[in-house]
Amino acid sequence: MSANGASTSDSGVAIPPAKKESKKPKYSKFTQQELPACKPLLTPGWVIATFVVVGIIFIPIGAVTLLASNGVVEIVHDYENSCLPNLSRDQRITHIQNPTTNKTCQATLAVIKDMDAPIYVYYQLDNFYQNHRRYVKSRNDKQLRGDNGAANETTGCKPEATINGLPIAPCGLIAWSLFNDTYGFTDNTGNSLNVNKKGIAWKSDREDKFGKITPQNFVNNMNSSALGIEIIGGKALPENVPLDEDEDLIVWMRTAALPTFRKLYGKIETDLKKDQSLNIQIENNYNTYTFGGGKKLVLSTTSWLGGKNNFLGIAYLTVGILCMFLAFVFFLVHFRNPRPLGDPSYLSWNRKIPSAANSSH
Amino acid sequence: MEFQDGRNFPLGPSQLLLRDSSLQNTGLIWGVVIYTGHDTKVMQNATAPPSKRSRIDRTLDQIIYAMFATLFVMSFVTGLVLGYRTRHDGPDMWYLEPAASNPYYNPSRAVVAGIVSAVTGLVLYGYLIPIALYVSLEIVRVLQALFMMQDLNMYDASTDKTAKVKSAGLNEELGQVDTILSDKTGTLTCNQMDFFRCSIASVSYGKGTTEVERAAKHLGVALAAQVVSDEDAEGAAGDDEVVSNPYQEKGFNFYDSRLLGGNWTAEPNMETVRLFFQVLALCHTAIPEGKVEDIQSMQYRAESPDEAALVVAAKKFGFCFYKRTPSSVQVREDVGNGDYVDRSYELLNVLEFSSARKRMSVILRFPDGRLMLLSKGADSVMLSRLDSGKREFVNKTVEHLNQFGEVGLRTLVLAYRELDEAEYQAWQLKYAEARSILGREREVQIEEIADQIERKLVVIGGTGVEDKLQDGVPEAIDRLAQAGINIWVLTGDKVETAINIGYACSLLRKGMQKIIISLEGSEAQAVEERAEKESLSREQVNKELTNIVARQLSEGFDEMSSVKDAHYGSERRYTSKDGRSRSNAHSRESSQSLSQRFLTGLSRSLSLHSGSSRRRSMGEQELQEYKTSGLGRKPENGDVFLLPEEIALHKDANGDHSGPPLESSDEDIVYALVIDGHSLALVLVDEKLQEQFIQVCKQCASVLCCRVSPRQKAQVTKLVRKGMGENRLCLAIGDGANDVGMIQAANVGIGITGVEGAQAAMAADYAIGQFRFLETLLLVHGHWCYRRISLMILYFFYKVSIMGWIAFYCNIFAFFSGQPLYNDWYASFYNTVFTSLPICVVGTIDQDVSAEDCLAHPALYRAGHRRELFNRKLITSWLLNSVYASLVIFFFPLGLFWLAPFRSGGEVASMQEFGAALFTCLILVPNIQLTTAIQYFTWMHHLAIWGSIALWYLFLLIYGALPPAYATLAYKELIEALGPSPTYWLLQLLVVVAAMLPDFVYRCYKVIARPSDYQIVLEIKSRPKLDAISFNNK
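Line by line, the protein sequences are chains G and U.
Start counting the first sequence at 0; every next residue gets the next number (numbering that gives the first Met the number 0).
Start counting the second sequence at 0; every next residue gets the next number (numbering that gives the first Met the number 0).
None of these hints come from the bench; they were simulated from the model.
Please note: incorrect hints may appear among the correct ones.
Where chain G lies over chain U, by a calculated footprint (3+ residues, C-beta under 8 Å) [said to hold, decoys possible]:
hint	region
1	812-820
2	895-901
Among chain U residues calculated to face chain G with C-beta under 8 Å, some are [what the hints assert, rightly or not]:
hint	residue
3	A976
4	L985
5	Q987
6	I1015
All residues carry an ideal CB built from backbone N, CA and C; glycine is no exception.
In isolation and in its complexed conformation, chain G is listed as follows:
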């Protein structure tokens, strides 16, 4: 090894020392910061043009969306109070918490405009914090997917994880507090209208997030007084229906973003005619009275954009009109007092302001 080392070093000496390389940086457009660049220059003409163009785009969009929204027929029925009239808050709570009281409630709605099928039926809750951290976390997705042995997965579900030492499925506060009001519709001829409850949940939820697991030890299915539980939860789940077929549950468990929300209850697949009256039988089971939440029943058709919501249309129109107005203002400002483009006399150091010399620094 040493001999080898020596010989290499010898040959190394024999090689004439390489000429010192210049440190001169190599030219490239990038290193010299001369990359070709697009340099759009905002000029008064462009300013005005931009606002006009935005206006021209936005105003029609606004008009169209507003039109779409206006084409939607929406009937909202607030039954929180009307179902339990003339009662104080405490009385209502007592009434709603008593499992034996009759909670059926009737209402008649007038159809103000023709409503083409499908007519979507929603329930709306106010002041219900489905997005509360404690609530959102209180579920077990693994269990809901229903893989092998999933029924025992209840981590994170407290306080609705186990009952008498047995795992609850579906566990957690969300499933436990499942909305349990029901609606029945009959038209003025007395024919009951079928409410289709299939296809109200997202496909991905049905197929991938919920699986073939049937409810077990579900508290709402038991006799709560027998269990000695003070407060009752929501809807009972049919024991033999796997969760991925229980679309009410799936819809409910896709938690809402805001404390006021609507959820799809079902679809009426019959057209409703104008001035037709609609009889509704409401099972007013769900307790919103303790926390002062509102309950509404909503019937709505949809347009290509969705339901009745003027927000998008009004916002588009507002922005569009504002832009047109701004274009007009800038037009006035510019043509009242036009500034020659690229006039060096506008450069700050060419402007003649005596005070500037004094005040500088």
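Using the hints, position chain U against chain G.
Frame of chain G, contents of chain U only:
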């Protein structure tokens, strides 16, 4: 040093081998190591390198504190509200089973719940604190630095060095510099001395024009006396540049056919000329390097470049010094007729140079037996030790040297004395004795004894050595001045020399009013004289001198204010055109009072070796010396640079002044202050004077400090920083070890990697090869970096603030429970992935105007002085804009998803739809907002901005395609829920436009009504195109 055999050798400074010394011409050396470790000069001089932070960084800290305060307030509110609501509403929210809750939401333990929620809030809204900003800034600054180092415009081919960046953290400071403190030798000048002119036996030789002459010509100012080679037979050739000089080499830039190529033998005073050349070849301490065979390529190592230039000159004249032994000097001499003879001169004594003596002599025995003392030195010391009988050439020589000095040359007088053998022997004994004295006495003794022999000198001529200005210095200074930067030059030169160099490098311009503070005048001299007579104490003298300086300063200040008053007063009277009479009005006032005190530009002599000596020993001591020796030499023969009445200032580099005549530049009077070292020393110790001094300096575009020591340089720098206040940013540039203090004291220190070693470059924040690169560094890179960093910080706060606010709004709607309405990964990637790249690209390569335009319009740089791109107003408006944008980004999706189904299929939005749509807007708005903040798009910009947006959709797709266990809220979100819905896409367009509207309106308003400078420059640039458009429209 005592040897064992009893011999003693005195050790003195001449035995000292400094660091980096190399050993030559000797095989053996006895050495004693002294000054080790902490006693070394390096360690003694070492001050802890200051940690410099840019002003923007400091402002940044303040914003961060403000953001922290906001964050704490938000969290506090969160805790308070959650605690309150949990206590009051919690028990009723049966669906939470609050009673069974852990303490976090348990109504009975609302305080705990509140505290926990506040802490959660800190984490949730933590996006408000842009931690990534610091990292990004560091990365961007390093990249910016790499660009600087790669810039070919800052590559110095002569030394093969690129610019070096040591503290990239100061990049943006380069864009706001308003005061440059510069060293002269080696910084403005090359520190390469060229033998340029000489005067031998009353005849002036040499052609060509110096930089000073060129500058004078350029300015159209008449020098009081043009240096014309008198009796110039060639006539007109003397005026022209010597185009190609076959004799030119480093240190030699002299051309005169009468002396070169052996022609000197034909000169009338041939013997004097020969002696002149012998002095050049013999009177020095240089060491030759090279082979005797190849005598023309002989190189010399000398104490100073001045000295080397003289020896090189001797070689060129045919007197080639080629060997030195301790006792002899060997020279190959031209004896006429093209023959050369090697002669050996016996070297008897060398009376070395010191800054106090300002001269050096050698005593030699010529081969013909004559005992000669050859001497060269500054005229001030040489002229007083002449032989009164032999003053043949004195008057003419002095006249010539004055001319040389005036055109910016460093001058030396050459003289000789033939010694009497007996006198020499007697002197020699005394000298040897003095040399062996130990202690402080020795130097005094040696000096005294040397002084005894250096008398009765006979002048044979003088030399003029040019310290050449570096390439492009006047142009660079001119542009920097146009950029509104005040330039201070701190030099060791005399006042007169400094003024002339000032003109040469465009530091003083035609029409500038000079204010000169100097203690060289008769007043100061009178004080000194009185002090000597009445033996006043030092303090008293200083006090009187201080008063003089104070008076001069206040006079200067009064002048400026009175001129200004007159100026603006008159402006009211003359409303337009009549600029002429106006300028007359003020210049009369000012020039009258000033004219008496204008020092003439006659720089007659420069101290011998001044370059190196200053570096070595300039200090208080030399200052004292200067004070005593330099007084009272005020030539009265009129101003050199006559100040013209008309004040013409910067011409617009672009020549765009074709429009209406712009009078502003004709009206401003620009002041320059010249102050000498002694006055400066007094200023530096007196607080009141400092204030006055700063007052005056604030009004001056250029300040020349003459005769300053390295320590004073640093002190002046500190004074400038302190006196001018936080608003000023000063940059120091220098090349030598003596500039280190100044470089460290300044906000930004620049080192020139020149011939003086690397100390300055090591201590500096940036190192460049040439002074003129400063122009590129400041006007281009500094300007850009200032813009880039400012924009980057503002934008960063904008985007983190949006995120922080949105997190807060979400929490409001989620009962303050700390549940984000979006997937955690969205938020984590928001700062790091989806919005970071574009701003880093902008921070690295954004340009408002091209490099070319930066240089063509130096005044664009003033935006940095005005803090146009980073100030309280801007920070506030960006933050307000972010609050507005956050409201739009949050509440527009809220409005859209509020209750009603967002699809034709009747589906209503849940948390995942809301979160994903919200985040889509959140990623679009900042990214697109950035496009309105810049006007420069390369493919990298496009890639970064549109790529980031595309990446978001891609992320949503890919992440959504993962199994639901991983994808959670994002599962099939885009592909199933949002993508097919037109409202989702309509929402994005709406939010982007609405969120950017106020900012865009403001920008448009500025374009139309109050265009910024760079906007106009861009318009000028694209005017042909714009004209074409408007032409078509017609």
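A quick look at each hint next to the structure:
1. 812-820: n = 7 at 8 Å, threshold three: holds.
2. 895-901: Since 7 is at least three, the answer is holds.
3. A976: Given a least distance of 7 Å, the restraint on U/A976 holds.
4. L985: Interface hint status for U/L985: holds (6 Å vs cutoff 8 Å).
5. Q987: 11 Å, violated
6. I1015: 5 Å, holds
This entry does not satisfy hint 5, going by the numbered hints stated previously; all others are met.
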